[in-house]
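Heads up: the sequence lines are chains A, B and C, in that order.
All residue numbers for the first sequence refer to full-length UniProt numbering, where the first residue is 1 and numbers rise by one.
All residue numbers for the second sequence refer to full-length UniProt numbering, where the first residue is 1 and numbers rise by one.
All residue numbers for the third sequence refer to full-length UniProt numbering, where the first residue is 1 and numbers rise by one.
Straight-line distance between alpha carbons at most 30 Å, and here's what the computed DSSO-like set of lysine-lysine pairs gives:
no. : chain 1 : residue 1 : chain 2 : residue 2
1   : B       : K211      : B       : K168
2   : B       : K168      : C       : K298
3   : A       : K321      : A       : K339
4   : B       : K315      : B       : K168
5   : C       : K4        : A       : K392
Here are some of the chain C residues that sit facing chain B, going by a computed Cβ distance under 10 Å:
no. : residue
6   : R33
7   : R143
8   : S157
9   : D232
10  : I233
11  : R234
12  : N240
13  : G288
14  : S291
For each label pair, taking beta carbons as the anchor points, the in silico distance ranges come out as:
no. : chain 1 : residue 1 : chain 2 : residue 2 : range
15  : A       : R386      : C       : G176      : 34 to 44 Å
16  : C       : I297      : B       : R74       : 39 to 49 Å
17  : C       : L247      : A       : R361      : 33 to 43 Å
18  : C       : E316      : B       : D179      : 53 to 63 Å
19  : B       : D278      : C       : V23       : 48 to 58 Å
20  : C       : E316      : B       : D95       : 51 to 61 Å
21  : C       : V116      : A       : N262      : 29 to 39 Å
22  : B       : D306      : C       : V116      : 52 to 62 Å
23  : C       : A326      : A       : R361      : 42 to 52 Å
Just so you know, the hints here were simulated from the structure itself, not pulled from any lab data.
None of the values given here were measured: they were computed from a predicted structure.
C-beta atoms are modelled at their ideal positions from N, C-alpha and C, and glycine is treated no differently.
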Amino acid sequence: MLLSIRSLTKTFPGTLALDGVDFDLAAGEVHALLGENGAGKSTLIKCLTGAYHRDGGTVALDGAQIAPRSTVEAQELGIGTVYQEVNLLPNLTVAQNLMFGREPRRFGLIDTRAMRAEAREMLRQYGLELDVDRDLGNYSVAIQQIIAIARAVALSGKVLILDEPTASLDAREVEMVFDVVRGLRERGLGIVFVSHFLDQVFELTDRVTVLRNGRKIVTERTADLDRMGLIEHMLGRALENEVEQQSAEGADTTHPDLLHFNGVGRRGVIEPFDLTIGQGEVVGLAGLLGSGRTESAELMFGIRPAQTGSIRDDKGPLDLKNPRAAIAAGFGFAPEDRKTDGIVADLSIRENIVLGLQARRGWARPIPRAEQNRLAEDYIKRLDIRTSGREKPVGDLSGGNQQKVVLARWLAMNPRFLILDEPTRGIDVGAHAEILRLIHDLTDAGMSVLVISSEIEELVAASDRVIVLRDRRHVAELSGSRVVPDTIMRAIAGGGAKGGEAA
Amino acid sequence: MKIRTLLGSAAILAVTAASALAEGETVGFAQIGSESGWRAAETTLTKQQAEERGIDLRFSDAQQKQENQIAAIRSFIAQGVDAILLAPVVATGWDSVLEEAQEAEIPVVLLDRQVDSSDELYLTAVGSNLVHEGEVAGEWLVNAVGDEECRIVELQGTTGSTPAIDRKTGFENAIEGHDNMEIVRSQTGDFTRAQGKEVMESFLQAENGGKDICALYAHNDDMAVGAIQAIKEAGLAPGEDILVVSIDAVPDIFKAMADGEANATVELTPNMAGPAFDVLEAYWADGTAPEKFIQTESRLFTQDDDPTGEYEARKGLGY
Amino acid sequence: MLLKRIAPQLIALAALILLVTLVYPDFLDISFRDGRLVGPVIDVLKRGAPVALLAVGMTLVIATRGIDLSVGTVMAICGAVAAWAIASGWGLAPALLLALAAGAAAGLWNGLLVAVVGIQPFVATLILMTMGRGIAQLITEGRILTFNHPGFAFFGSGTVLGLPVPAWLWLLTGVGVALLMRRSALGMLIEATGINRRASALAGVNATVLLIAVYMASGLCAALAGIVVTADIRGADANNAGLWLELDAILAVVIGGNSLLGGRFSILAALLGALIIQTIDTGILLAGFPSEYNLVIKAALVLVILVLQSPRIAAEWRIWRESQRASREALAERSRT
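Model the full structure from these sequences, guided by the hints.
Structure (structure tokens):
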């Protein structure tokens with residue numbers, strides 16, 4: 001084995017990011033590393049490249065134990081990395097980028113002629129004939145990506161880690177990069193390929209390792225896997241014990257229509273979709289990362305205005321041109337990324353809870369302090385927010401408690417339609433069940449909820465209806481007895497979700 | 001007619017004064033900019049003087065940038081003017097462009113400020129003697145006070161600037177040996193009216209509400225005008241309780257003198273062009289080489305010199 | 001709680017006054033003459049007016065994680081507008097309104113560039129900072145535009161109830177704006193926007209309008225400051241009015257313990273910061289040092305104040321004190337057994 005990782009462990013305050021992960025990479029192999037957000041892919045890579053220092057386990061390269069402390073040290077050992085965002089300097093020339101830090105010198109000065117020749121020779125190995133004197137920024141992202149690969153290979157030469165290298169490329173450009181990667185495989189490099197495009201994984205890679213929640217789930221030859229099996233590994237099938245499958249049973253209660261989204265879409269973001277939300281109904285959005293789940297929610301909340309379609313309730317059309325308009329229409333949205341989109345870290349729990357309510361009332365009508373205190377205390381108790389007091393800055397709370405504060409902000413406004421994007425991400429299992437229970441309480445009181453989640457079991461437990469997304473399209477709508485993990489998985493994989501295909 | 005170039009482009013504005021004389025000579029004027037009222041008045045007077053003498057004046061506003069001035073001079077040389085007037089923004093870095101003018105046999109006259117180049121490279125320099133201005137102001141005060149005790153406060157110009165240093169030196173030269181006169185407080189007022197007022201307030205505060213101050217010497221009129229307001233607000237009569245002498249002779253100080261609130265000012269004439277054109281006309285006529293420095297008159301104005309009339313005469317000059 | 005927030009500034013001011021009194025013993029003398037209070041402290045209150053007024057607006061702008069470099073220039077523009085209106089015989093009220101409108105317009109321009117166009121505040125306000133003096137010079141035609149109007153001059157050198165009018169202006173503006181911020185919800189909404197604009201917008205806060213309003217408030221404060229300095233010297237000096245005062249205003253906000261990264265703010269602390277700066281300035285003038293030392297002394301004092309206020313030093317001090325207490329208790333423990 002070229003690279004062999006055993007029992008790799010890495011903890012961050014409050015979370016176990018990597019839990020005894022094993023990973024092998026052979027020379028002349030392209031090995032896919034898969035997993036949803038938070039599975040531990042990037043932590044694993046950062047431990048390899050020296051950006052993080054591991055807490056436990058061993059890493060051996062060519063049989064020798066290594067523990068790189070920096071990216072430079074990892075490069076010298078033979079491990080190079082190329083990221084999705086090209087990590088070069090667009091305002092230097094191609095040659096300067098390729099040779100940066102190791103320019104050929106003559107009499108102490110940079111020998112530009114030798115540098116150009118060497119750069120040209122390097123690119124020729126990848127089948128590229130470029131003017132190496134032009135600024136890098138003049139070339140397409142694909143070319144820049146290949147130049148980044150060339151530079152990484154030249155610097156390290158044993159292991160190449162490609163972290164979502166194709167995310168911003170079109171199909172033809174992807175092929176270009178893949179040709180380069182295949183060439184490197186023939187030269188005997190070991191390549192770690194991180195991507196969430198499953199087609200590309202099947203096209204390019206020899207083996208697949210799936211991580212989930214910091215643990216290694218499986219390593220298999222790609223040829224031995226089908227899409228369905230791969231997705232099952234990624235999303236997990238183990239039921240959390242506390243969650244009862246109640247909703248799927250008595251799910252046939254009818255819900256009077258509350259909102260209609262007709263042909264709502266935005267170019268390059270999400271294909272136009274139709275969606276009707278019933279009163280007191282929970283609708284789940286299922287799909288892989290990047291399938292358009294969050295984007296759908298953003299259109300529905302006015303964060304990105306829809307370019308096509310119309311939205312109306314029983315009283316007439318709604319113009320959701322921005323979040324404030326959506327809030328005025330009685331919508332709420334608890335975003336996926338709490339830190340950047342949810343909490344206001346330096347403000348207190350009390351202020352974070354009343355923020356939305358206050359913004360809706362307008363600045364001139366402040367909520368009396370006593371009322372603020374009452375609201376804060378009420379929700380701290382109701383949602384069991386663990387804190388030493390309501391005046392504590394939200395930034396000091398744990399992730400789960402921060403999520404509860406954001407939820408409290410919306411509940412205090414009593415919306416008729418609440419969108420929850422990954423409401424349980426990064427929350428301990430106990431809190432999972434609490435939030436699911438809360439959703440049921442809300443819908444019992446007549447509120448409609450849209451839940452986005454990567455955890456199929458959670459969606460099944462919570463939802464009356466599930467919309468499945470794939471490649472930025474709503475591809476299936478499942479309700480009643482079809483809201484079961486198997487059907488959803490199949491719909492995500494694109495195999496045969498029979499019937500229920502929605503436009 | 002007044003031509004304002006406050007926001008004018010850095011490009012050369014060629015202003016051709018209507019010339020009645022067919023043999024009118026052409027002169028290029030590389031002005032610094034229009035950073036102060038005095039500078040604007042200098043521009044106005046130069047244009048007036050040129051028009052009166054039938055000289056075709058080409059004017060360039062450098063907006064305080066030496067590279068603009070050098071570009072303007074090169075352009076004047078290319079146009080083949082008969083002489084160049086230069087008010088240099090800084091003292092150094094003129095050698096090569098002055099040599100170019102010399103090779104083209106175009107005489108250069110420096111206005112108002114000096115350069116560090118060899119005096120072979122220009123015809124002459126017209127300017128005032130800053131030390132002398134301070135001396136004239138000091139001598140006036142020496143005569144006005146006589147033998148009485150006089151505690152003087154001084155408002156300096158911008159710390160470290162040549163006018164501030166020289167005007168201070170000149171004044172000190174003048175009162176030297178008069179033991180009844182003493183500068184008790186001296187602070188910078190940055191040549192501005194607002195700072196002049198603020199610093200004067202602190203002087204008044206520190207000197208027993210101003211009762212211990214006999215005279216104020218300000219390095220320019222603007223600071224004096226600000227200080228006069230401070231004195232009035234402290235309940236004293238400027239011009240009587242505290243004598244006020246300053247330098248520049250801008251219109252507003254004549255107004256104060258007419259009201260009896262200021263006593264004397266020393267003129268820094270904005271008419272540098274008059275003597276410059278005199279010298280040039282002699283040079284064009286028969287090649288007369290002038291002295292290397294022509295000192296303009298530092299004339300003293302007091303309340304007896306028809307301040308109202310002087311105010312009216314000056315207010316249109318662009319101060 | 002308020003007292004705890006402004007305690008460092010109060011302590012710094014008290015220490016500074018003590019220091020100034022050492023070099024100029026009469027610093028705290030106040031007498032009553034011709035119906036008005038006279039003394040160095042009154043001078044500080046009066047002369048501190050422009051920076052204090054600017055600091056009020058600047059505090060709000062900085063709370064939104066912005067900065068307004070244009071305030072000094074806006075002072076010059078508004079002063080020029082007021083002087084021009086007075087000199088053209090428009091009368092007092094129209095002149096004041098026109099000057100305030102000019103300040104509001106300048107703030108609107110800055111606010112639009114920052115909140116709508118999305119230019120960095122530093123760059124957006126730099127545009128007006130460099131361009132604005134030209135505008136002011138156009139209005140005054142490059143000279144000091146003087147006027148003789150006792151009613152307008154009152155705003156610079158008048159007295160009400162013994163105190164100079166400029167002092168009243170900043171006191172009332174500062175306390176008024178501080179009360180407005182805390183009695184309404186504006187303070188919290190501004191802080192939320194400054195800490196996390198995106199999250200605030202998603203919660204329904206109209207961050208765009210809030211940002212524009214904050215820059216307009218800063219423009220209005222600059223207009224008041226411009227009126228004060230113009231009325232003070234009875235003339236609009238487009239070249240020098242408010243020159244570099246934006247830096248003093250930012251300094252006042254920082255001495256007031258407000259973070260340049262936005263968020264929590266205290267207007268009262270910023271006003272104390274302005275008083276600290278003016279006490280230094282006035283103290284230097286009264287002390288009678290040669291003027292070459294002015295800036296050095298000011299810089300040194302500001303440095304000392306900022307260093308003593310830094311959270312790092314405060315934390316070190318707390319740790320040191322606790323360790324002292326712990327060792328004392330350990331000693332007491334040992335002596336008991």
